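Engineer: In this note's numbering, the protein residues as written are 60 to 293.
Since the hints were made in silico from the structure, they are not lab data.
Note that the coordinates shown come from a computational prediction; the quantities given were computed from them, not determined experimentally.
Just so you know, even glycine gets a beta-carbon here, dropped at the ideal spot from N, CA and C.
There could be a bad hint or two in this list.
[Stated by the list, open to error] Simulated restraints on C-beta separations: (1) 179 - 258: 16 to 24 Å; (2) 80 - 214: 43 to 51 Å; (3) 262 - 181: 51 to 59 Å; (4) 214 - 178: 40 to 48 Å; (5) 214 - 182: 39 to 47 Å; (6) 274 - 179: 27 to 35 Å; (7) 99 - 262: 55 to 63 Å.
[What the hints assert, rightly or not] With a straight-line cut-off of 20 Å between C-alpha atoms, the simulated SDA-like cross-links for lysine to any residue are: (8) 261 - 271; (9) 258 - 274; (10) 261 - 188; (11) 258 - 273; (12) 258 - 174; (13) 261 - 172; (14) 261 - 193; (15) 266 - 195; (16) 261 - 194; (17) 261 - 242; (18) 261 - 176; (19) 258 - 172.
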Amino acid sequence: QAGTGTNPSPWGYVGTQGYMRDSSERLYVRARHYRPATTRWTTVDPLWPDESAYGYASNVPAILTDSFGLSPNQNCPTHGGYGKRCVYSGPTGGESDPAYWQCYDPYPVKKEDCIDCLSRINLQVRGSVGQVNFGIVNALRHCIGACAAKQQCGSACAPAIFLHEIPGIKDPGDVGCDSFNNIKGFGIAGSAGIGNCHKGCKAALAKGDLCILPAPNNRSIDEAPIFPPFRPGR
60 QAGTGTNPSP WGYVGTQGYM RDSSERLYVR ARHYRPATTR WTTVDPLWPD
110 ESAYGYASNV PAILTDSFGL SPNQNCPTHG GYGKRCVYSG PTGGESDPAY
160 WQCYDPYPVK KEDCIDCLSR INLQVRGSVG QVNFGIVNAL RHCIGACAAK
210 QQCGSACAPA IFLHEIPGIK DPGDVGCDSF NNIKGFGIAG SAGIGNCHKG
260 CKAALAKGDL CILPAPNNRS IDEAPIFPPF RPGR
């Protein structure tokens, strides 16, 4: 609501949410009461404890922060052991508007089964490709990891592998490059054949189809990674 002057109604607006001043020191915010003077809620969230109060930070708010609001929780709890999955689908896979996050609920597979499968993939790929966080090794690890996740864990589970840095917290060039190579790996999984992720991703690298992140001492934090050039029909 936009305007100037005094609002004669007890209702006010914060964004699209209606706030009603039901006393001189208290606001009624949908299902709870809030005291602006103390910046505290005076009533318990009606969704508690079914919904985690710190789910936005994977229940470790002292460690995981998201000041830009670009990184939703990857394993939102839902009833029956099923969960949500969020897929980052920005134009280049880089840091972008939150609207690029597409969330689907629930998983077509059990959340625990999916997490177990993706954890195995992470260990396999780190052991076979290496853990260098830039250059060719980094590009291959993300491509092969995403490809293997889709082949071994299924297309419904694979996007939740979240093989990239957290947007808004880490180097945006690193985030973009990782996500770009993940998307390339998901595509290779459907064409390379079971067990051929290494071969398919190495072929993509040879054709210049993977994003290569320069070594940290050769770039500034704002420097764009080396994305493959656009070619018609790709």
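Engineer: Determine for every hint whether it applies to the structure shown.
Structural biologist: Each hint, compared with the structure:
1. 179 - 258: 16 to 24 Å: For residue 258 against residue 179, whose Cβ atoms are near 20 Å apart, the range 16 to 24 Å holds.
2. 80 - 214: 43 to 51 Å: holds, 50 Å
3. 262 - 181: 51 to 59 Å: This hint is violated: roughly 23 Å between Cβ atoms.
4. 214 - 178: 40 to 48 Å: violated, 18 Å
5. 214 - 182: 39 to 47 Å: Violated, since residue 214 and residue 182 (Cβ atoms, about 21 Å apart) do not stay within the stated range.
6. 274 - 179: 27 to 35 Å: Roughly 30 Å apart at Cβ, these two residues keep to the hinted range, so it holds.
7. 99 - 262: 55 to 63 Å: Since residue 99 and residue 262 have Cβ atoms about 58 Å apart, the given range 55 to 63 Å holds.
8. 261 - 271: holds, 13 Å
9. 258 - 274: Measuring from Cα to Cα gives roughly 24 Å; hence the hint is violated.
10. 261 - 188: holds, 11 Å
11. 258 - 273: violated, 23 Å
12. 258 - 174: violated, 25 Å
13. 261 - 172: violated, 29 Å
14. 261 - 193: Holds. Residue 261 to residue 193 sits at ~16 Å (cutoff 20 Å).
15. 266 - 195: holds, 13 Å
16. 261 - 194: Judged against 20 Å, a Cα distance of about 13 Å means the pair holds.
17. 261 - 242: holds, 15 Å
18. 261 - 176: Between residue 261 and residue 176 the Cα gap is close to 23 Å, so the pair fails against 20 Å, i.e. violated.
19. 258 - 172: violated, 27 Å
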